[in-house]
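The listed protein sequences correspond, in order, to chains A and B.
Mapping to this note's numbering: the first sequence position 148 is 148, numbers consecutive.
Mapping to this note's numbering: the second sequence position 495 is 495, numbers consecutive.
Errors might be hidden in some of the hints.
Once the Cα atoms are required to be at most 30 angstroms apart in a straight line, the calculated DSS-like pairs of lysine-lysine come out as [what the hints assert, rightly or not]:
no., chain 1, residue 1, chain 2, residue 2
1, A, 123, B, 525
2, B, 360, B, 212
3, A, 215, B, 208
4, A, 215, B, 525
5, A, 253, B, 208
Cβ-Cβ distance ranges computed for the label pairs, FRET-style [what the hints assert, rightly or not]:
no., chain 1, residue 1, chain 2, residue 2, range
6, A, 216, B, 203, 36 to 46 angstroms
7, B, 229, A, 141, 45 to 55 angstroms
8, A, 78, B, 161, 18 to 28 angstroms
9, A, 129, B, 422, 51 to 61 angstroms
10, B, 66, A, 134, 49 to 59 angstroms
11, B, 414, A, 251, 48 to 58 angstroms
12, A, 218, B, 316, 55 to 65 angstroms
Every beta carbon over 10 angstroms from chain A, so not counted as near; a handful from chain B, in silico [as the list claims (entries may be wrong)]:
no., residue
13, 22
14, 87
15, 101
16, 108
17, 157
18, 248
19, 367
20, 437
21, 490
22, 542
If you are wondering where the hints come from, they were derived from the structure by calculation, not from laboratory data.
We treat Cβ as the ideally placed atom computed from N, Cα and C, and that holds for glycine.
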Amino acid sequence: MDFTKVVLASLLIASPIAAQEGHGVSPADLERGMQIFLNNCAGCHGPDGDLISGVALYSGRFRRAQGDNELRRIVQNGIAGTPMPPGNYTDEQAGMIVAYLRSMAATGGGKLTGPPGNAESGKAIVEGRGQCLECHRIGRQGTITGPDLTGIGRMRRAVDLEKSLVDPDAEIRPDNLTVRAVAADGTPITGRLLNMDTYSIQILDARSASLRTLKKDELRDYEVMKKSPMPSYRGKLSEQEISDVVSYLVSLKEQM
Amino acid sequence: MNARFLLLTALAAAAASAQTPFERIANAAKDPQNWLTYSGRLDGQRYSTLAQITPANVKDLELKWVLQTRAPAEPNSKYEATSLVRDGILYTVQPPNVVVALDAASGRIFWTYAYDPSRESRPCCGRVNRGLALLGNTLFMGTLDGNLIALDARDGHLMWSTRLGRPEEGYSVTVAPLVVKDKVIAGPAGGEFGINGYLAAYSAETGKEVWKFHTIPQPGEPGHDTWGGDSWKHGGGSIWTTGSYDPELNLIYWGVGNAGPDWNGDPRPGDNLYTSSLIALDADTGKLKWYFQFTPHDEFDFDATQVPVLADLTWHGKPRKVVMTANRNGFFYVLDRVTGEFLLGKSFAKVTWASGLDEKGRPIRTGHSTAEGSIVYPENQGATNWYNPAFSPRTGLMYVPCWMDTWSVYTSRLEPYQEGNWYSGGGATHNIPALRPGPVTRRLPETAWGAIQALDPETGDVKWQFKMTDVTDSGVLATATDIVFAGGREGYFYALDARTGAVLWKTMLGGAMSAGPTAYAVDGKEYISIPAGNAVFTFGLRDE
Chain A
1 MDFTKVVLAS LLIASPIAAQ EGHGVSPADL ERGMQIFLNN CAGCHGPDGD
51 LISGVALYSG RFRRAQGDNE LRRIVQNGIA GTPMPPGNYT DEQAGMIVAY
101 LRSMAATGGG KLTGPPGNAE SGKAIVEGRG QCLECHRIGR QGTITGPDLT
151 GIGRMRRAVD LEKSLVDPDA EIRPDNLTVR AVAADGTPIT GRLLNMDTYS
201 IQILDARSAS LRTLKKDELR DYEVMKKSPM PSYRGKLSEQ EISDVVSYLV
251 SLKEQM
Chain B
1 MNARFLLLTA LAAAAASAQT PFERIANAAK DPQNWLTYSG RLDGQRYSTL
51 AQITPANVKD LELKWVLQTR APAEPNSKYE ATSLVRDGIL YTVQPPNVVV
101 ALDAASGRIF WTYAYDPSRE SRPCCGRVNR GLALLGNTLF MGTLDGNLIA
151 LDARDGHLMW STRLGRPEEG YSVTVAPLVV KDKVIAGPAG GEFGINGYLA
201 AYSAETGKEV WKFHTIPQPG EPGHDTWGGD SWKHGGGSIW TTGSYDPELN
251 LIYWGVGNAG PDWNGDPRPG DNLYTSSLIA LDADTGKLKW YFQFTPHDEF
301 DFDATQVPVL ADLTWHGKPR KVVMTANRNG FFYVLDRVTG EFLLGKSFAK
351 VTWASGLDEK GRPIRTGHST AEGSIVYPEN QGATNWYNPA FSPRTGLMYV
401 PCWMDTWSVY TSRLEPYQEG NWYSGGGATH NIPALRPGPV TRRLPETAWG
451 AIQALDPETG DVKWQFKMTD VTDSGVLATA TDIVFAGGRE GYFYALDART
501 GAVLWKTMLG GAMSAGPTAY AVDGKEYISI PAGNAVFTFG LRDE
């Protein structure tokens, strides 16, 4: 994932504090830190770290912390008397989260460059011409063969959403991989990868929209697709329309 | 490629995916490879007609898979959930509210949905959940903080969430809901926090309430006069173990929890309907058809939350539709389930709170909870409790997990109601810890012991008894091959001969069992599954 590589490079150059305290941070650590942040912190702080007024996690400046040690302590112990909860993180995990917070500052919070979008128009495109609901679910609409987009606005930054639309192959999250297989009798099988071990693969089968285990020794062939089954919308939607869709996706913050 | 993917997804949308219409649940007896509802069947019998595992080969059972969880199971977060199985997928709930969908043959996980209950939750007796309900492609779960939620069974996506009560006031939902037709039936727990209980039906589609039956009659409702003064307001009447359903009579049978405050009856003069009662409700309207109160004016925390077992028996020569329950209060009851008529009642453990039952089934009261404290049998946890029983139509016997020779010192105290606080009106000592304190026991069985008892519904006689040194919180399962599967606090999981109680097979799982076993089959192979300690263990016959 090139994003972390860029981040890491700029982290070491542009952020003296991180360079000084955050030694031993690998791209994998940053990726892990980002996942923890998106899963456990973004619900309150927003994926861009800007949702709580007076707190700007993307800025590299903190009211209650100077160095990384203090930040780690906040992440682990929470802030008593405020909604900021303690988290059951090891020192190593807390370090990854802090490294990710630092990296947000290094990438300038990942602000968008396109024209301002209109969420209403975006909604119309998603439900209509974009055919997004052929593969995605939003609330009670759509199908479940692609990733669930309900609440995606709480989990992803606008820049990441934009990238998913214009360059879906660039980054496929481990949660969103697609398996293609051929059964012994030649039947093609496609589905979302849910789990895998030495002997079997668990998928959400695209044809039947049901849970299914594939036994590897009963398959003629199988692969995890490197390319996204999602078409790129670059050129298919105008720059303005892409911004509209992104605005709409960002607005999807409900769980259902 | 993209075009083909689109084609596939279009097909997926068109194809009716693996569905569980209600008819499939109603016909569970003919569909034994699946376990679609809490008791496996709507009649509450927990009887499986799978016949591959027999007394002759049960010793060849071997462990097929284990689901390890990280939940701290003991003593507070017991694994009480019965697993559901449909078409080779097993759905379980790790305490408190983590739903896992996995491959029922291999144990490999498909998805996990972790619900994080509010810190305001106030469960009386552990961060527990007793399992899911299923209809179509939707799973239903109660949450520790008072909600009923619906999930897409295919990917764990949240469909709706309905609030049954505020956790700040002690409302929680631990019961495995029951699906009846297009409705989900459930109600709140919280009998130790002075809740005002009810059983309600919600649209499976939207979560909207369809009907509500107040287990504590509200002003103007019949039965309200069984509560002196304002005591009805915090009268308890909780719901926390799953009921049963008779499709022919279209009646739902459900056991109601204790009266509040638990151990002091003085502030609530009267019988305190419908606490410690069995209620029979019309499934479409929630209207009361009949009720039977086992423990009027309860002072011992004797919830009637045992699974009501429905059976069609030849009873003293005549065909009878009955409902049976071995009650926490120590008596085994047989009632006519059409009318609620009392047919039989007999104690199955040592009882001193009543000297017996009169001809209507009302207890002849001999024991009370007192200010200075009184020793009364059975103890506060009762002679049985939420651990589900089973019934075999082949042997005609009811199998009940029991606590034998237990007593408590029941003490009553005047305690004002304060929102969110424990509202129990006193205390009860335990001569056995209510929750297993750990894997070591030095308590001698003289001070109380555990048993699986086989009761004869015609006489209430104990046909056989399987004794255990420690007590049991485990449900039981009966099979068409005359095996009873049962567990206990010691960690043994047993296959017993359903006709004699002899041990056919046993294995040590290293943790207490607090849930009911399930039987199911995948690709023609039968499995027996039960949670123990932190994990779910699944057994099958050795492959040839």
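Comparing the hints with the structure gives:
Distance hint between residue 123 of chain A and residue 525 of chain B is unfulfilled; the C-alpha atoms sit about 48 angstroms from each other, more than 30 angstroms. Distance check on the hinted pair: residue 360 of chain B and residue 212 of chain B sit about 29 angstroms apart at the alpha-carbon level, within 30 angstroms; holds. For a cut-off of 30 angstroms, the pair hint linking residue 215 of chain A to residue 208 of chain B is broken: about 41 angstroms separates their Cα positions. Proposed proximity of residue 215 of chain A and residue 525 of chain B is supported: the alpha carbons are some 17 angstroms apart, at most 30 angstroms.
Taking the CA atoms of residue 253 of chain A and residue 208 of chain B, the gap is near 23 angstroms; set against the 30 angstroms cutoff, the hint holds. For residue 216 of chain A and residue 203 of chain B, the Cβ-Cβ distance of about 43 angstroms falls inside the hinted range of 36 to 46 angstroms, so the restraint holds. Judged by the Cβ atoms, the range 45 to 55 angstroms given for residue 229 of chain B and residue 141 of chain A holds: they are separated by roughly 52 angstroms. For residue 78 of chain A and residue 161 of chain B, the hinted distance range of 18 to 28 angstroms is satisfied, since their beta carbons lie about 26 angstroms from each other.
Taken as a hint, the range 51 to 61 angstroms holds for the pair residue 129 of chain A and residue 422 of chain B, whose Cβ atoms sit roughly 59 angstroms apart. A C-beta distance of roughly 39 angstroms is found between residue 66 of chain B and residue 134 of chain A, which places it outside the suggested range of 49 to 59 angstroms. Taking the beta carbon of each, residue 414 of chain B and residue 251 of chain A are about 55 angstroms apart, inside 48 to 58 angstroms as hinted. Between residue 218 of chain A and residue 316 of chain B, the C-beta spacing of about 57 angstroms keeps the proposed range 55 to 65 angstroms intact.
Look at residue 22 of chain B: its CB is around 19 angstroms from the nearest CB on chain A, clear of 10 angstroms, so calling it non-interface holds up. Listed as outside the interface, residue 87 of chain B is inconsistent with that label: its C-beta sits roughly 8 angstroms from the nearest C-beta of chain A, within the 10 angstroms cut-off. The claim that residue 101 of chain B is not at the interface with chain A is violated, since a C-beta of that chain comes within 10 angstroms of its own (minimum 6 angstroms). With a least CB separation of 5 angstroms from chain A, residue 108 of chain B falls inside the 10 angstroms interface cut-off, contrary to its annotation.
Some Cβ of chain A comes within 10 angstroms of the Cβ of residue 157 of chain B; the nearest lies about 6 angstroms off, and the non-interface call is violated. Every C-beta of chain A lies more than 10 angstroms from that of residue 248 of chain B, the closest at about 33 angstroms, which supports listing it as non-interface. Distance to chain A confirms residue 367 of chain B as a non-interface residue, since its nearest Cβ pair spans about 47 angstroms, more than 10 angstroms. For residue 437 of chain B, the condition that its CB be more than 10 angstroms from all CB atoms of chain A holds, with the nearest at approximately 24 angstroms.
Remark: the non-interface label on residue 490 of chain B is consistent with the geometry, its nearest Cβ contact in chain A lying 32 angstroms away (cut-off 10 angstroms). Its beta-carbon lying about 18 angstroms from the closest one in chain A, residue 542 of chain B satisfies the requirement of being farther than 10 angstroms from that chain.
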